[in-house]
Each structure stands twice: as C-alpha cells, then as structure tokens.
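Asks: Respectively, the protein sequence lines represent chains A and B. Everything in the first sequence is counted per the working numbering, starting at 1 for the first residue and increasing by one. Everything in the second sequence is counted per the working numbering, starting at 1 for the first residue and increasing by one.
What the hints contain is simulated information worked out from the structure, not anything from laboratory work. Keep in mind that this is a model prediction, so the values were computed, not measured. Glycine included, every Cβ here is placed at the ideal spot set by N, Cα and C.
Pulled a few chain B residues facing chain A out of the computed Cβ check, cut under 10 Å:
1. 113
2. 115
3. 118
4. 119
5. 120
6. 121
7. 123
8. 124
9. 125
10. 126
11. 129
12. 132
13. 133
14. 134
15. 138
16. 140
If you want the ones that stay clear, here's a sample from chain B, every Cβ over 12 Å from chain A, calculated:
17. 70
18. 80
19. 184
20. 201
21. 204
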Amino acid sequence: MPLIAIEGLHKRFGSNEVLKGIDLGIEAGEVVAIIGKSGSGKSTLLRCMNGLEAYQAGKITVEGTPVTQDETDLRHLRLRVGMIFQQFNLFPHLTAGRNVMLAPMIVKGTAEAEARTIAAKVLERVGLGQKFDAFPDQLSGGQQQRVAIARALAMEPRALLCDEITSALDPELVNEVLQVVKGLAQDGMTLAMVTHEMRFARDVCDRVIFMHLGKVHEIGPPSEVFSNPRTPELQQFLGQLH
Amino acid sequence: MMEFTLWDVVRNLLLAARWTIALSLTAFVLGGVVGLVVLFGRVSKSKRLRVAAMGYIELFQGTPLLMQLFLAFFGLSLLGLPTSPWFAAALALTLWTSAFLAEIWRGCVEAVPRGQWEASASLAMGYLQQMRYVILPQALRVTIAPTIGFSVQVIKGTALASIIGFTELSKASTIITNATFKPFTVYAVTALLYFALCWPLSAWSHRLERKLGAAHRH
Ligand SMILES: Nc1ncnc2c1ncn2[C@@H]1O[C@H](COP(=O)(O)OP(=O)(O)O)[C@@H](O)[C@H]1O
Ligand SMILES: [Mg+2]
Numbered sequence: 001m002p003l004i005a006i007e008g009l010h011k012r013f014g015s016n017e018v019l020k021g022i023d024l025g026i027e028a029g030e031v032v033a034i035i036g037k038s039g040s041g042k043s044t045l046l047r048c049m050n051g052l053e054a055y056q057a058g059k060i061t062v063e064g065t066p067v068t069q070d071e072t073d074l075r076h077l078r079l080r081v082g083m084i085f086q087q088f089n090l091f092p093h094l095t096a097g098r099n100v101m102l103a104p105m106i107v108k109g110t111a112e113a114e115a116r117t118i119a120a121k122v123l124e125r126v127g128l129g130q131k132f133d134a135f136p137d138q139l140s141g142g143q144q145q146r147v148a149i150a151r152a153l154a155m156e157p158r159a160l161l162c163d164e165i166t167s168a169l170d171p172e173l174v175n176e177v178l179q180v181v182k183g184l185a186q187d188g189m190t191l192a193m194v195t196h197e198m199r200f201a202r203d204v205c206d207r208v209i210f211m212h213l214g215k216v217h218e219i220g221p222p223s224e225v226f227s228n229p230r231t232p233e234l235q236q237f238l239g240q241l242h
Numbered sequence: 001m002m003e004f005t006l007w008d009v010v011r012n013l014l015l016a017a018r019w020t021i022a023l024s025l026t027a028f029v030l031g032g033v034v035g036l037v038v039l040f041g042r043v044s045k046s047k048r049l050r051v052a053a054m055g056y057i058e059l060f061q062g063t064p065l066l067m068q069l070f071l072a073f074f075g076l077s078l079l080g081l082p083t084s085p086w087f088a089a090a091l092a093l094t095l096w097t098s099a100f101l102a103e104i105w106r107g108c109v110e111a112v113p114r115g116q117w118e119a120s121a122s123l124a125m126g127y128l129q130q131m132r133y134v135i136l137p138q139a140l141r142v143t144i145a146p147t148i149g150f151s152v153q154v155i156k157g158t159a160l161a162s163i164i165g166f167t168e169l170s171k172a173s174t175i176i177t178n179a180t181f182k183p184f185t186v187y188a189v190t191a192l193l194y195f196a197l198c199w200p201l202s203a204w205s206h207r208l209e210r211k212l213g214a215a216h217r218h
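Starting from the given sequences, assemble the full structure and let the hints guide the process.
Replies: Written out as structure tokens, the structure reads:
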C-alpha cells in the first residue's frame, strides 16, 4: 500500500470545483514532482494531503490512516507529514535554532538539551550549522528556506510536501535549496513537490504529475512525461516554458 | 471662615489622585486579564464562542460608560449584593476596559500572517500552542503601543466614577470647589493633574509606535 493514497478526491471552494477526482498513490521513498499551470489545483492537492484544506468527497490515507478534519487525527497526521511553503513562514520572533527546536519541545515533549542537539544536527544537514543564533530577517531567502526545511526535518516526518519552495527566491539562491532537497531525496525521504524547476524534476524525481483543470492529466517517469508528452495540454505547457 | 491656600487645594487633589490611579490600575490590570479571555473567544475556532465574544464587545463598546457605571452600581444592590462606589466603579471599568482591549488585541492577532498559522499547524501544534508560542508573541509587539494608548482612555474614564459617588480626582475637585468657591483654580489644577497622568503615557505610546514603524526588529 502506498504511503500516501488518494482516491476520487473532490474539493470545492464554494461553487468552484478545484479538484475533480484525483487518484494518486505515493510510495514510501518516492519523489514526485507536481507540475501544471497556475490555478490547476496543485497547491490545493498538497494542502489536502496534510489537512490544511478539508475536502468534500473521496479519500486520502497516510500509512493507512484516513486524513480527516478531527483535531487529534490532524496532529497525529502532521507528525508524519511535514510541509514547506513558498513564503518560508519562519517564526520571525525566534532564532533559526529556536524555530527548529520549538515543535519538538512543545509537540513531542523533547527536552531542551536534546532539542538543541537535534536542531544543530538538522541545521548542519541543510548547511546552516553556523546560523543557529541568527534571526530570520538576518538570513537570505535561500537560507530562510533551508531553515524551514530543517524545521520540518526535526520532527522526523515520513513525507515532506513542498509547495513551490523556490518560487519566492532570487534565481541565484534557487540552487542551494534544490541541492538540499536533492540530498533528502537521495537519503530516501518521501517527497511531493509542486515545482516549476523542470530540470530538477527531470533529474531528481521518480515520477512527474501534470495537473490540468483539477485533474491528473498525465503521470509518468520524467523521461516519458518530458520527452513524450501525450496530450496537447502538456505539450503546450512544456512548450510555454521556453 | 477658613482660608484655603493654593497648596491646600493641590494637596487635597493629590490625595484624591491616588484613588484615580488605584482605580485606573485595577481596571487596566483586571480588564487586561478578562480581555485576554474575551480575545481567545473572539479568535477561537468555535463559531459560538466567537459570536459570544463579539456580543460582549459590542455591548460594552455600544453603550455609554456612564450607563454601565449606573447599571453596575444599582444593579448590584438590586441583586441584594453588598456594594460600594469603589466596587461598582472597579467592576464597570474592568468590563469596559476588557471589551476595548480584546478588540484592540484581536486586530493585532489578525494582523499576524496566515502563513504563521499554517506553518505551526503543519508542525503538529495544537491551537493553544500556536497561540502561545507563535501568534501571541508576534501580536504582542504590535499591541504594546495601542494598549498603552488605551490606558489614557481608562484614566479619563475613571472621572465618570465620581457620578456614582466614588471620591477620585474629579469628585474631589467638586467637593473642594464647594468649600473654596475657587472653581477655576481647582479645576485648572485638576486638569493639570490629569494631564500629568495621561501625557507621559500617550507620549510613550506614540514613541513606541514610531519605533515599531521604523525598525522591524525583535
Ligand atoms: N482559499 C481559497 N478560497 C477560494 N478559492 C481558492 C482558495 N485557494 C485556492 N482557490 C482556488 O482554487 C484554484 C486552484 O488553486 P491552487 O490549488 O492554488 O492552484 P495552483 O497551486 O495550481 O496554482 C484557483 O482557482 C484558486 O482561485
Ligand atoms: Mg500554488
């Protein structure tokens, strides 16, 4: 059974149906890229996976447990599925180290000394061992996003959801973040990432999902999806990129 | 007949000003505590709590403080509860303060970007943990200036307590006027005392506001 299993997922905002029946399984250790036009429902799909959005029909399970809007279930779910956002969303009143330490301490009850060790370790892993005591506004966008990744990693999730995590970055800072994600992929982390970095999707991802009008329009290994787009919509989408 | 010197007037007014300060502090501190509870209701996930808190705030913001003082004073005795002008005034001003502070603070909580809620939720934090560790610390920075600013309104609000017979600064000035027949002198000194209490607070509030606006620091 896939780590994340989605069946017949429907999601509406009022009368606007944004997801129109999604079926998708993401295996443990798999890295999937989700691509598609703006407004095609990529973020919404990701946000349904960790309960930030409620859905109207269908089923999502993570390790066999259904994703619901029940408060206790949600917290249990989010211990296993982390999320990283386009705007970093670091806590501006806390240092990088404290950003990372907060959730382990208050959610998992990790002792402060141990949380500090964990934080130092994950910050090291994203190449920011020196920035433990820096506040977010003293860091570049790329560094902030790497702290956000470290913060998610400190909770030892089974899977990470990444929503356009390099889109808010200056072009010269994109790579340092992608390198970190690539490292995670190589270490076997399960990743679902919405991205516009086609080269990265091609090089690192196991599968690519092309979303169009709230549906999975095409899905397959990057070699197939990028080299042999079957539908005119995907052909057009890929053509527009260059 | 006795002659009153200016010093007699000032001295007596200063003594009465202690009660203005005591009442203001009581209302402000207790109002802050109650206001925090109302705030939690106002920004809660439960619609019922939100509506209840909104009703509370509207009630105290939408009626004159004077009526609230009368209702507290006469209402308590009507219920057969032991009461005094001090107690009624402190009660009414506390409730009034709590409603305004809750509303000021709500604005500050809602000014915290939605991404902060989503990021903390994604780290498996519960609602109270999000509030305690992520949202309120950020909102706090923004609330300090308007909260201190509002304390000036509380001090001026205590003047109304004179009407239910509580002897603070305003009531004292009326009493002293009746004894000295020097209304202008007495009220001028009274006004100066109010100004001496209020002006530092409002100047402080303005300075904090400017500082926050200028530097975006922790
Ligand atoms: N909170 C929301 N309320 C109402 N409509 C929304 C909301 N979030 C997204 N939508 C709508 O859902 C559609 C898909 O949005 P989104 O999932 O963000 O697309 P993508 O990430 O692919 O650009 C858009 O039409 C958008 O306007
Ligand atoms: Mg999006």
